[in-house]
Amino acid sequence: NAGVTQTPKFQVLKTGQSMTLQCAQDMNHNSMYWYRQDPGMGLRLIYYSASEGTTDKGEVPNGYNVSRLNKREFSLRLESAAPSQTSVYFCASSDRYGYTFGSGTRLTVV
Amino acid sequence: AQTVTQSQPEMSVQEAETVTLSCTYDTSESDYYLFWYKQPPSRQMILVIRQEAYKQQNATENRFSVNFQKAAKSFSLKISDSQLGDAAMYFCAYSPILNSGAGSYQLTFGKGTKLSVIP
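Keeping their order, the protein sequence lines are chains A and B. One point on numbering: in the working numbering, the residue at position 30 of the first sequence is 30, and numbering is uninterrupted. One point on numbering: in the working numbering, the residue at position 84 of the second sequence is 1084, and numbering is uninterrupted.
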């Protein structure tokens, strides 16, 4: 089925470790996003890419970097993970009709 | 900065009854989009309904409808004939129209309302 695929679905990191969350969409959407969801909160925008070759900061970008590898792929990197980055991470893509979300990555930093 | 407020952290409804979830938002923009998303325990984010601010008519999708009051900056979701499968977290979200032609939105979410459906 067409959609947004995130890997991995679960991850446990130690403080200070690095990792990259992968996201790919096959919907030919121009725009892609990374959000995080914390308990009792809605989703908050980390970074977005309005089109291939561009990236911009969202509401909570500190501690993260992103790469728009091509039109399909948009990765999120944690260079030195901190316990405050324990969260559920959602990738999404959009066209003029709205968003399609991935199924999320539950990341725990211990 | 835009804010979205959902004042009801939890609500419950009897199966087959109607329930209304509240949402207010703050913006200085005149044109924007509003959304309701459903998040079941599977954690998948599912679009329920979308409203374009320039449209006076309230959006409707089957059993789901909204009451959009632009002047009051209110955007409530009504679920009719509630079903067990409607049990989920519901998030209200706002997006300015930055580049609608390219389909680029930045969503600001409320904190959500947990809806329980009682058999």
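Some hints here could point you the wrong way.
[To be verified] Using C-beta positions, here's what the derived DEER-type ranges look like:
{"id": "1", "chain 1": "A", "residue 1": "Ser18", "chain 2": "B", "residue 2": "Thr1003", "range": "29 to 35 Å"}
{"id": "2", "chain 1": "B", "residue 1": "Asn1058", "chain 2": "A", "residue 2": "Thr108", "range": "40 to 46 Å"}
{"id": "3", "chain 1": "A", "residue 1": "Asn65", "chain 2": "B", "residue 2": "Gly1085", "range": "34 to 40 Å"}
{"id": "4", "chain 1": "B", "residue 1": "Ile1046", "chain 2": "A", "residue 2": "Lys57", "range": "23 to 29 Å"}
{"id": "5", "chain 1": "B", "residue 1": "Asn1058", "chain 2": "A", "residue 2": "Ala82", "range": "41 to 47 Å"}
{"id": "6", "chain 1": "A", "residue 1": "Ser80", "chain 2": "B", "residue 2": "Ala1001", "range": "23 to 29 Å"}
{"id": "7", "chain 1": "B", "residue 1": "Asp1026", "chain 2": "A", "residue 2": "Gly53", "range": "31 to 37 Å"}
{"id": "8", "chain 1": "A", "residue 1": "Gly16", "chain 2": "B", "residue 2": "Ser1028", "range": "39 to 45 Å"}
{"id": "9", "chain 1": "B", "residue 1": "Pro1009", "chain 2": "A", "residue 2": "Lys57", "range": "28 to 34 Å"}
Bear in mind the hints are in silico, worked out from the structure with no lab data behind them. Just so we're clear, the structure is a prediction, and the values are computed from it rather than from any experiment. Glycine residues also receive a C-beta, built at the ideal position from the N, C-alpha and C atoms.
**Asked** Checked against the structure, which of the hints given earlier come out wrong?
**Response** Checked against the structure, no hint fails, so every one of them is satisfied.
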